[in-house]
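Asks: Chain by chain, the residues run as shown.
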Amino acid sequence: MLKNILKILENDARTTPKQISDMTGIPRAEVVKVIKQAWQDRIILKYKAIVNWDKAENEHVFALIEVKLEPEKDVGFDSIAERIYRFPQARSVYLVSGTYDLLVLVLGKNNHEIANFVSQKLSHIDGVKATNTQFVLKRYKEDGEVVEGKEEVKRQPVVL
Amino acid sequence: MAVQKRVPQKRKQHIAARANKLSPSGIRKFFDLLSSMEGVISLGVGEPDFPTPWHIREAAIESIEQGQTMYTSNSGTPELRKELARHLKTYHGVDYDPMSEILITVGVSEALDLAMRAMIDPGDEVIHPDPSFVAYSSSIILAEGVPAAIPTYEETNFELSATAIEKRITRKTRGILIGFPSNPTGAVMSKQKLTEIAELARKHNLTVFSDEIYGKLVYGVEHTCFASLPGMKEHTILLGGFSKAYAMTGWRIGFAAAPKEIITAMTKIHQYTMMCASTMGQVAALEALKGGQDCVTEMVEEYNRRRLVIVKGLCDIGLSCFEPKGAFYAFPSIKCTGMTSEEFAERLLAEEKVAVVPGSAFGACGEGYVRCCYATALSDIEEALKRMKRFVNKYRVK
Numbered sequence: 000m001l002k003n004i005l006k007i008l009e010n011d012a013r014t015t016p017k018q019i020s021d022m023t024g025i026p027r028a029e030v031v032k033v034i035k036q037a038w039q040d041r042i043i044l045k046y047k048a049i050v051n052w053d054k055a056e057n058e059h060v061f062a063l064i065e066v067k068l069e070p071e072k073d074v075g076f077d078s079i080a081e082r083i084y085r086f087p088q089a090r091s092v093y094l095v096s097g098t099y100d101l102l103v104l105v106l107g108k109n110n111h112e113i114a115n116f117v118s119q120k121l122s123h124i125d126g127v128k129a130t131n132t133q134f135v136l137k138r139y140k141e142d143g144e145v146v147e148g149k150e151e152v153k154r155q156p157v158v159l
Numbered sequence: 000m001a002v003q004k005r006v007p008q009k010r011k012q013h014i015a016a017r018a019n020k021l022s023p024s025g026i027r028k029f030f031d032l033l034s035s036m037e038g039v040i041s042l043g044v045g046e047p048d049f050p051t052p053w054h055i056r057e058a059a060i061e062s063i064e065q066g067q068t069m070y071t072s073n074s075g076t077p078e079l080r081k082e083l084a085r086h087l088k089t090y091h092g093v094d095y096d097p098m099s100e101i102l103i104t105v106g107v108s109e110a111l112d113l114a115m116r117a118m119i120d121p122g123d124e125v126i127h128p129d130p131s132f133v134a135y136s137s138s139i140i141l142a143e144g145v146p147a148a149i150p151t152y153e154e155t156n157f158e159l160s161a162t163a164i165e166k167r168i169t170r171k172t173r174g175i176l177i178g179f180p181s182n183p184t185g186a187v188m189s190k191q192k193l194t195e196i197a198e199l200a201r202k203h204n205l206t207v208f209s210d211e212i213y214g215k216l217v218y219g220v221e222h223t224c225f226a227s228l229p230g231m232k233e234h235t236i237l238l239g240g241f242s243k244a245y246a247m248t249g250w251r252i253g254f255a256a257a258p259k260e261i262i263t264a265m266t267k268i269h270q271y272t273m274m275c276a277s278t279m280g281q282v283a284a285l286e287a288l289k290g291g292q293d294c295v296t297e298m299v300e301e302y303n304r305r306r307l308v309i310v311k312g313l314c315d316i317g318l319s320c321f322e323p324k325g326a327f328y329a330f331p332s333i334k335c336t337g338m339t340s341e342e343f344a345e346r347l348l349a350e351e352k353v354a355v356v357p358g359s360a361f362g363a364c365g366e367g368y369v370r371c372c373y374a375t376a377l378s379d380i381e382e383a384l385k386r387m388k389r390f391v392n393k394y395r396v397k
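Line order of the protein sequences matches chains A and B. Heads up, the first sequence is in numbering that gives the first Met the number 0, so the first residue is 0 and it goes up one at a time. Heads up, the second sequence is in numbering that gives the first Met the number 0, so the first residue is 0 and it goes up one at a time.
Because the hints were derived from the structure by calculation, they are not lab data. Note that beta-carbon positions come from the ideal geometry of N, C-alpha and C, so glycine has one too. Check the hints yourself; a few may be wrong.
DSS-like cross-link-like pairs, simulated, lysine-lysine; straight-line CA separation at most 25 angstroms [said to hold, decoys possible]:
no. : chain 1 : residue 1 : chain 2 : residue 2
1   : A       : K17       : B       : K311
2   : B       : K311      : A       : K2
3   : B       : K352      : A       : K153
4   : A       : K72       : A       : K2
5   : B       : K311      : B       : K267
Covered, in the sense of this in silico footprint (three residues per stretch, anywhere, with C-beta under 8 angstroms from a C-beta of chain A), are these stretches of chain B [unchecked claim]:
no. : region
6   : 53-67
7   : 197-209
8   : 284-294
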C-alpha cells in the first residue's frame with residue numbers, strides 16, 4: 000500500500016489524498032495517515048518542482064565534482080561527506096565506487112562562483128585529496144523528465 | 000442546329016456483393032464531426048496512450064540502420080517465433096512448436112481474417128458474443144460464414160454462457176469466436192466459465208477462435224489462455240498480438256498459434272495476400288518479448304489506477320458501470336438518460352466535447368451503453384467525468 004502511494008506521489012507530488020484514494024481504492028483517511036507517517040519517517044523527503052532554469056532566464060551553472068578523499072584517523076567518509084553536503088551549493092552528494100569517492104552536484108550562479116566553491120571551500124576540507132570539476136553544458140533529462148522536446152501522443156480520435 | 004453539350008457521365012462503379020453486404024459504419028458522420036472539432040477529450044480511442052517503450056523502438060531503429068529491410072520468411076522470423084513459443088509456454092502454459100504451429104501476422108486483425116478464411120466454408124455458422132469487437136462478425140461474413148451472435152448482459156458480467164451457446168449450436172456450427180478480456184466491455188471470463196465452453200467445443204467438435212489481444216491487461220484477476228485448458232490446444236486457434244500490451248498498435252504485429260494443419264492452411268492464404276509481416280516490426284516484437292516485462296507491468300499498474308478512477312467516477316455520476324477486469328474500457332449504462340447510445344454520444348460530443356463510442360456499434364446488446372477508453376491521461380479522465388456529470392444531470396430522466 001505504501002509503495003503504491005509513493006509511486007503515485009513520486010510521479011506527481013500534487014496528487015491529492017482524494018485522488019490517490021480514487022486511483023487505488025484505499026480509503027482517503029488511510030491515504031492521509033500513510034502519507035503523514037511516510038513524511039515523519041523521512042521516507043518522503045520533500046515535495047518540489049523540477050525546474051527548467053534555462054527557460055526561466057535565470058543565470059545558473061551546474062557542475063559535477065568528483066572528489067577523492069583521504070580518510071584520516073578516526074574520521075570516516077561519512078563525516079567528510081557531511082562537511083561537504085552542509086554547503087547549500089551542494090545539491091546532491093553521493094559516495095560512489097570507482098576511481099574517486101564522492102560525486103557532488105553543485106549549482107552556482109556562474110563559473111566563477113563554482114570555481115570559488117572548489118578552491119575556497121572544498122579543497123580546504125581535511126581529507127579532500129583531489130577534485131575534478133566538470134561543468135554541465137546541457138541538461139537533457141532531469142530526474143526522469145525530458146527537459147526539452149517531450150514526446151507528444153498523437154492518436155486518431157476514435158478507434159473501434 | 001443546336002449543339003448538344005456532352006456532359007461526361009459519372010461511371011457507376013460496380014462494387015462486389017462481398018463488400019456491399021458489409022454493414023457500413025453507422026457512426027461515420029459522428030467520427031467526421033469529431034475530427035473537425037477542437038478541445039475534445041476523446042475516450043473513444045482503442046489504443047494505449049503510451050508511445051512504444053524506447054528499448055523496443057531502439058531495437059527497430061538499429062535493425063533499419065543495419066539494413067534489415069528485406070522480406071522475412073512467410074511465417075515470420077524464426078527468432079521471433081521461437082521467442083514467442085517460449086513466452087506462450089512461460090506465461091500462458093501452452094506448448095507450440097515455433098516452426099510449424101506459429102504464424103506471425105500483420106496485427107491480430109490479419110490473424111483473425113486468416114483463421115476465418117482457413118476454417119469456414121460458405122454457410123458455416125460461427126458463434127460470437129454480442130457486444131463484441133466490430134471486426135468479429137465482418138470477418139465471419141468475409142469468409143462467407145454466418146455470424147451467430149449470443150447476447151451477453153451486464154447482470155451476468157458480460158460473460159458468455161455455455162448454456163446460451165449450446166442452444167444456438169446447429170449442424171452448421173463450425174466454431175466459437177471469443178475475445179476476452181473484451182473490447183468493448185472489459186469483461187474477463189473466469190476459468191470455470193471457459194472450461195464449460197471447452198466442454199461444448201469437445202462435445203460438438205468445434206473450433207474456438209480465441210482472440211487474446213488484451214490477455215496481459217487484467218486487473219486483480221488471472222487471464223486464462225483458452226488453449227491451456229485440458230485438451231483444448233487441438234480445438235483452439237489462439238490469436239494474439241503486441242499492440243495493446245506493449246503499446247505497439249502502429250507496428251501491426253500479431254500472431255496465430257494453432258495445430259500444424261491449421262497454421263499450414265493459414266500460412267497459404269497469408270503468403271499470397273501479405274507475404275510476411277514487416278521486418279522491422281518483427282524485430283521490435285522480438286525485443287518486446289526479450290527485453291523484460293517490466294514495462295508491461297508498469298503500464299498495467301497505470302491503467303489500473305485510471306480504471307478505478309473512471310469506474311468510481313461514472314458510478315458517482317449515476318451511470319451504473321459494470322466493473323471491467325480487463326482491457327482498458329469501461330462500459331457504463333446510459334439508460335438513465337432515456338437516450339439511445341448513439342444519441343448520447345452525439346449530444347455529449349456536441350454539448351460537452353467528450354467523445355465516447357456508442358455501445359450499439361458493437362452489437363444490439365451494446366445499446367444503452369457507451370464505451371469509454373481509460374487509456375487516457377488521468378487529468379483528461381477527470382475533466383471528462385466532470386463534463387459528463389454536467390451532461391447527465393441535465394438529461395437524467397426523473
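Asks: Against this structure, judge whether each hint is valid.
Replies: Results for each hint:
no. : hint             : in the structure
1   : A:K17 to B:K311  : holds, 12 angstroms
2   : B:K311 to A:K2   : holds, 22 angstroms
3   : B:K352 to A:K153 : holds, 18 angstroms
4   : A:K72 to A:K2    : violated, 41 angstroms
5   : B:K311 to B:K267 : violated, 48 angstroms
6   : 53-67            : violated (count 0)
7   : 197-209          : violated (count 0)
8   : 284-294          : violated (count 0)
Consistency with the previously given hints fails for numbers 4, 5, 6, 7 and 8, ordered from lowest to highest.
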